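Number of protein chains: 2
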Amino acid sequence: MALVACSQFTPVLGAVSENVDRSLELIREAASRGAKVVVLPELASSGYAFANSAEAAAASEPATGSAVSRWSEAASELGIVIVAGFAETNPAGAPFNSAALLAPDAEPVIYRKAHLWDRERLMFTPGNDLPPVVETPVGRIGVMICYDLEFPEWVRIAALQGADLICAPVNWPVVQRPAGERPGEVVRVQAEASMNRVAIAACDRGGNERGVEWSGASVIVDADGWPLALTDQAADRLRPEPPTVPGASGEAAAAGTASDRLDPATTIIAEIDLQASRTKRIAEYSDVMADRRADLYERFTE
Amino acid sequence: MALVACSQFTPVLGAVSENVDRSLELIREAASRGAKVVVLPELASSGYAFANSAEAAAASEPATGSAVSRWSEAASELGIVIVAGFAETNPAGAPFNSAALLAPDAEPVIYRKAHLWDRERLMFTPGNDLPPVVETPVGRIGVMICYDLEFPEWVRIAALQGADLICAPVNWPVVQRPAGERPGEVVRVQAEASMNRVAIAACDRGGNERGVEWSGASVIVDADGWPLALTDQAADRLRPEPPTVPGASGEAAAAGTASDRLDPATTIIAEIDLQASRTKRIAEYSDVMADRRADLYERFTE
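From first to last, the protein sequence lines stand for chains Z and V.
Position 187 (the first sequence) corresponds to 187 in my numbering; numbering is contiguous.
Position 177 (the second sequence) corresponds to 177 in my numbering; numbering is contiguous.
In isolation and in its complexed conformation, chain Z is listed as follows:
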């Protein structure tokens, strides 16, 4: 069993030092509540809505920069795993939309988003590596970012590599949906988890950025695909009228502090049985991995 937290907040565009300060407050708070894994949003250090790659590059840092270094120090000091998104400097051109996995006393593991969403391709360079699955004191943790989750091939690859938990920094924009339905991104996370029997923690962000409204729909699901914790924005099929104060929501919202009032943040936290992800059996004779027909899949040529 492991206590896993998503520390959803509202990064300020381009304000790297301030964003990392804020993220560290939230990480400490989650750790003080017992969290052994803390997930932050995509591009947590930099914000998202850049006008172009030059602006993204100006808010980027190498993996040896302040954001990753400070998260890494916190991971070691607190004895926890941190997964956080940041804009990563690319000496060869447009930056990468990356995530760092920081385990105590271990080198940072960097993943670069392979599936760039919409206008990201105008600002970022796509990654060309498979999602990493890292052995940590908590269990085997896979890392991917936002739109990556919507490619079932990608989640399957992480699960086949043995991930117990996929930690996914995300920035989900609000998109129209029928009344009474959960965000589609949450539905897809539930389905992907259950089809692979892998837990998933997706940490979203809130706020508005240059006209982009963010969903604030963080969710933690178990290996059966059922939500263990989710924000009101992720659950709002149950509540057709979303709350107007994001900081007031969340199944396990942090106690309000001075900075909460300035910067609404919502922490969701859940106890996950990561051992359950190692059992792929779902019925007496059925096993979601053993039942795959890889021989047939390979026969299909695009």
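Calculated cross-link-like contacts (lysine to aspartate or glutamate; reagent style DMTMM-like; alpha-carbon spacing at most 25 Å):
id : chain 1 : residue 1 : chain 2 : residue 2
1  : Z       : K280      : Z       : E298
2  : V       : K280      : V       : E298
3  : Z       : K280      : V       : E213
4  : Z       : K280      : V       : E181
5  : Z       : K280      : Z       : E153
6  : V       : K280      : V       : E135
7  : V       : K280      : V       : E153
8  : Z       : K280      : V       : E298
9  : V       : K280      : V       : D295
10 : Z       : K280      : V       : D118
11 : Z       : K280      : Z       : D295
12 : Z       : K280      : Z       : D224
13 : Z       : K280      : Z       : E135
14 : V       : K280      : Z       : E302
15 : V       : K280      : Z       : E213
16 : V       : K280      : Z       : E298
17 : Z       : K280      : V       : E302
18 : V       : K280      : V       : D224
19 : Z       : K280      : V       : E153
20 : V       : K280      : Z       : D118
21 : V       : K280      : Z       : E153
22 : V       : K280      : Z       : E181
Honestly, the hints are just simulated from the structure, not real lab data.
Given the structure is predicted, the values throughout are model-derived calculations rather than measurements.
With the hints as your guide, set chain V onto chain Z.
Positioned in the frame of chain Z, the structure of chain V alone reads:
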């Protein structure tokens, strides 16, 4: 636009002639309401809960048998497409768990379930062919059966072959789930549809069979993954107290008839814009197929 129906009913174990009679009543009723595609449950002609392969074989027929022939005649007479599950005789051993696609004045297309669920492997022989995608007067229709839907590779292959609509006969057993949640199978159908931008019509069955309680959770979703029509049993996240009389439920329940009282049946019916499935674009620069990184997926070896 096409009106698509799922004619959910309760086949009687082993009573092939009676089950096909009943299915033809429901097909005629759906056609009279304008349906151009009618989907029936998995193993609609035979029932499901066989004790062994000999019993399944006794309720099986070749593709030239009465069930497929009668459905084929109805498709031609009514000018509609029918997709229906049946137990298919296998001269070489245990029967196949098959589905027939019957289009007007066309040869039946037979698909044999490739992913056998749980004890089905004790009764049936798995198919070894990819899911067919058939050009029909309504559009391109893909066929797969029940547990096949839970393998994202399989839905992806049907979508990459150009399916506008996947018709899936299913038999979903009731499994435990948290209060307020839709059946996991419905969540997975929604997610698969949206990740591939393909509509899906899954026709379930009702009733109890030798201790197996069936969900009766038929659902029709559009290419965005939103339910266009679903039974109360599929939607019951909205209604924590499921109705006790299945025949009384369904968003578009058929008018009660004498045989409804004997054999509760629920038809769900929805107008689907099948043209929408040919647009894989979901944002200015994003396209669920063009954004795939097939080069990277192929790099992964199991």
